[in-house]
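Student: Model the full structure from these sequences, guided by the hints.
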Amino acid sequence: MTATTTTTGIPARPARSRRGAPIARLTWMLARPGADSLSTLLLPGVAFAVTTALLLTVAGGGAMFWRWPDEEWAATYQLLSGLALALLVIPLASLSGAAARLSARRRDDRLATLRLLGATGRAVVAITVLESALIASAGAVIGVVLYLAATPLVGLIPFGGAPIGAAAILLSPLWVAAIVVAIVLLAAVSAVVGLRKVVISPLGVRLKQSAPRVSWLRMLVGAVVVIVAFVTLQSFGVLPSYTAIAVAIAAAFAIGVGVLNLVGPWVIWLIARVQLSRAGTAQKLIAARTMLEAPKVAWRQVSGLAMTSFVAVVGGTGVSFLIKEGGPADQVVLFSDVRTGIIITLVASFLMVACSVGVNQASAVLDRRDLYVGLDRVGMPRGVLEAARARGIMVPLAWVSLGSAALGALLVFPLAGYALITAPASLLVIALAFAVGIALVSLALVATRPVVTRVLEHPERAQ
Amino acid sequence: MNFHDPAALLSASRLTVSYPGTRALDGVDLTVRAGESVAIMGPSGSGKTTLLHALAGIITPTSGEVIVTTEAGLVTVSALSESDRSRLRREDFGFVFQQGLLIPELTVIENASLPLLLAGQSRATAEAHAVAWLARLGLAGLERRRIGELSGGQAQRVAIARAQVTGARLIFADEPTGALDSATSRETMTALLEAATDGGRALVVVTHDEQVAARCSRIVRLRDGRLDGAERAGSEEAA
Ligand SMILES: Nc1ncnc2c1ncn2[C@@H]1O[C@H](COP(=O)(O)OP(=O)(O)OP(=O)(O)O)[C@@H](O)[C@H]1O
Ligand SMILES: [Mg+2]
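Which chain is which? The protein sequence lines are B and G, in order. With my numbering applied, the first sequence covers 62 to 524. With my numbering applied, the second sequence covers 441 to 679.
Hints may be right or wrong, so weigh each one.
Covered by chain G, per the in silico footprint, the following chain B stretches (three or more residues, Cβ under 8 Å) [to be verified]:
1. 340-347
2. 436-450
Which residues of chain G face chain B? A partial, calculated answer using Cβ under 7 Å [what the hints assert, rightly or not]:
3. I498
4. S526
5. L541
6. L554
7. L558
8. R563
For the record, the hints were derived by calculation from the structure and aren't laboratory data. Beta carbons: idealized from backbone N, C-alpha and C, even for Gly.
Tutor: Laid out in structure tokens, this is it:
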């Protein structure tokens, strides 16, 4: 592409000598928050703030273990904190991606217009990337403040037998700066990816011709792996030693993660099929069709939870059992620390999924602005719209988190049964973490209602 | 107060809709009787859509009122709460817009039966009614298709089925053929007129197309938010 013609071949305006200036001015014109766009500005901002705060806290915690005083167990702590970080990567990545997509999408329509008016693809990308990066920077700075503000609270969490203290998870300013820069970069990259559609085709949204299918082969492969794993694990017998338990847990983790990713989209598709055939109300029908439309998307949104739920049950059961068994004092401390870590990881995952859901739903509502306005006009009750949206999220969420938990329990079945009898309190805490997590996600959904309200209150923007 | 003709399905008196800086509608009177089809015409920006929305209770007029005959008796639309107006639109009116605004994930039959599901009917009953309407509109055999797999004219006919399936007595259409070529437009209009005006029902259609308007039993013309001269009284041209 050159400076004199657009991609459509229509001659552009006379060459611009000061390229940066008009782009900056356009961005400002487009980015000025109108009354209706406040929540679409706030939502990605909040999402970036939460992402940054969580990432800093988790990284701080991880770094703490690298300075761990206890010589003997340092390696174990480092390994486990590495595992927790690995678990948090998936929900974190999908959250920041969602935030970036939303901040890009809120300008889609006007950008498409600009594009039709002859703005070059490059200018459109520049405007959007700049805006996304600005929102991400603002969010990230707020996130740093949140992180600092939360350290006294996080410091109360006991590790190694005593509260870790606020200073323990403080990162060096250099690390903080690096993480902020990484998040802003991620936002910029996601914005470019999210925008490709507008740049390629200004007329934008098209309807897919047919619903995607997900192969049942996934299920077959998944089932074989689970059976093999189950048989192998059972052959460990009554779990003779701690080493065997560690091996069993590591194996169950690796297998579980692989199987869940393979099977997840197919399971969501299957659940949606069953719900579709049983749907007796409009909201159930619409929710089932929404899930069927994009089982992989529905899966991706909650897949971070699948891993975490699975590990929470496998690991939680293991340590509950071990704590109950007793043993040397330092080992008991280690096991309680592992349990603490599991609960933190679980809640953090839910928190990130909740933020992703909020942000994704806000994008989805804006995407379907015309449809929502139209349905409102023909008298579709607002409650039905909301219920369909909620079901489309909560059904996969419940199945994925509780299903993965059940799969985890199955894999360590004898142990789980034993722990349930001997250490019910430990398992109760983990169950509570699930309940809190699911409540967090429904809260996130409620938080997107004002977006629908605003869309319906300003129907003229829809056409 | 407004005099409501007993034969009228809808009567509007002195409807005015003001927006900051513009008066989109300025004292419009209109009566719609059973079996009638009323075309609303006028230049762009003359207030056609505003009038349709005010008649159908989608927006509340700044002043004036709309009275509708429903099964439950006479209803003054502006006196209803937001949710009652929503119910009125859902149960007593049908709508066809320029873009069908059908739910893309749902199949043809699911879209067409949605209003009945919303009214609390069972899925089997709702779908049975929808099948009958779809067949009547020439869509037999396409029930299981997704909306994206239809032509523009077919999609509009699904929208017509959705508008009719509850047995609504008043159908409102805003440029229903605006996005179609002239042959498809003719077919769609035939379907709409047949479906919407038999058995004591009525159609109010906004259109730019003189040929479409000519097939309606009456034309009203708007200019700058007012009814144009002769049609002002409303009933002279009733066919
Ligand atoms: N929500 C609104 N806020 C402010 N002004 C509005 C709004 N809706 C309509 N108007 C104004 O009211 C007038 C009538 O608009 P309306 O949409 O009814 O015209 P129309 O006859 O349907 O035009 P078209 O043929 O282009 O669809 C226009 O001047 C329009 O700008
Ligand atoms: Mg109009």
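Student: Please go over all the hints and tell whether each is borne out by the structure.
Tutor: Against the structure, the hints:
Counting residues of the region 340-347 of chain B whose beta carbon lies closer than 8 Å to any beta carbon of chain G gives 6, which reaches the threshold of three, so the coverage claim holds. With 9 residues having a beta carbon nearer than 8 Å to a beta carbon of chain G, the region 436-450 of chain B meets the requirement of three or more and the stated coverage holds. With a least beta-carbon distance of about 5 Å to chain B, the hint placing I498(G) at the interface is held under the 7 Å criterion. Using the Cβ-Cβ criterion of 7 Å, the hint placing S526(G) at the interface with chain B is satisfied: the shortest such distance is roughly 5 Å.
Because the smallest distance between the Cβ of L541(G) and any Cβ of chain B comes to about 3 Å, under 7 Å, the interface hint for this residue holds. At a threshold of 7 Å, the smallest CB-CB gap from L554(G) to chain B is about 6 Å, leaving the interface hint in force. For the restraint placing L558(G) at the interface with chain B, the shortest Cβ-Cβ distance is roughly 5 Å, inside the 7 Å limit, so the hint holds. Interface restraint check: R563(G) against chain B, minimum CB-CB distance 5 Å, threshold 7 Å, status holds.
Violated hints for the displayed structure: none, as all numbered hints are satisfied.
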